[in-house]
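Engineer: These are the residues of each chain, in order.
Number of protein chains: 2
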Amino acid sequence: MGDPISLTIYRNMIVNCVKIQVRPNRVEDFKKATVANHNESVKEPGCLRFDLLQDASDPEKFMLYEAYESNEAAAAHKNTPHYAVWRDTVTDWMAQPRLGTNYNIVVPTDKSKW
Amino acid sequence: MGDPISLTIYRNMIVNCVKIQVRPNRVEDFKKATVANHNESVKEPGCLRFDLLQDASDPEKFMLYEAYESNEAAAAHKNTPHYAVWRDTVTDWMAQPRLGTNYNIVVPTDKSKW
Chain A
33 MGDPISLTIY RNMIVNCVKI QVRPNRVEDF KKATVANHNE SVKEPGCLRF DLLQDASDPE
93 KFMLYEAYES NEAAAAHKNT PHYAVWRDTV TDWMAQPRLG TNYNIVVPTD KSKW
Chain B
33 MGDPISLTIY RNMIVNCVKI QVRPNRVEDF KKATVANHNE SVKEPGCLRF DLLQDASDPE
93 KFMLYEAYES NEAAAAHKNT PHYAVWRDTV TDWMAQPRLG TNYNIVVPTD KSKW
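So the protein sequences, as listed, match chains A and B. For the record, in the first sequence the residue sitting at position 101 is 133 according to the numbering used here, with numbers rising by one throughout. For the record, in the second sequence the residue sitting at position 94 is 126 according to the numbering used here, with numbers rising by one throughout.
Mixed in with the good hints, there may be bad ones.
As the list claims (entries may be wrong) - DSS-like, lysine-lysine: derived pairs with alpha carbons at most 25 Å apart: (1) A:K51 to B:K143; (2) B:K110 to B:K93; (3) A:K93 to B:K93.
For the record, the hints were derived by calculation from the structure and aren't laboratory data.
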């Protein structure tokens with residue numbers, strides 16, 4: 033018999049990937065604002081990861097890799113003050129609307145690996 | 033003065049994202065083969081993450097999120113037996129060639145967070 037609580041948490045874990053194209057003159061501003069968002073987001077109880085990546089072949093392209101323990105935790109992120117500040121700060125710095133994709137997690141299934 | 037060894041490791045960390053579209057009748061086979069690849073890949077000394085995700089809106093679309101401590105570690109992955117088995121197994125199950133993107137890591141900068 034497994035642990036039903038852990039199993040429930042695993043089944044609910046999700047990842048949201050957000051692709052962002054930043055205006056050339058705002059790349060450093062964007063990084064600074066998003067690192068600030070990262071620093072607060074990882075403190076959220078339901079946030080498992082909040083990685084900021086920069087495309088190795090195009091420094092104006094970024095990806096956020098956000099993992100949450102549930103859809104509710106992902107929704108709660110969008111109600112935080114740091115998310116609102118980030119969104120309002122970076123909106124005009126984007127060369128086009130950001131593109132998000134929602135994923136279910138196949139592996140790792142162990143929450144401690146997140 | 034920081035720790036020059038840790039700093040070097042941080043600067044070298046990378047993420048490779050691979051997007052894969054699987055033929056409809058091979059989705060479960062693909063998951064099984066890729067979980068097997070995951071189980072071996074995370075044992076590689078330079079592999080920091082090897083997440084397999086399934087698109088929540090299209091179960092035939094997958095993403096691999098592979099983090100390595102260096103480009104050399106990423107290259108070493110492609111020389112492993114489990115990578116060769118996976119590649120040869122899944123090639124004919126893909127609806128189109130897989131699409132990889134290489135990223136540099138902005139945050140988290142602490143290797144222990146990976």
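Engineer: Which numbered hints does this structure break?
Structural biologist: Per hint list: zero violations.
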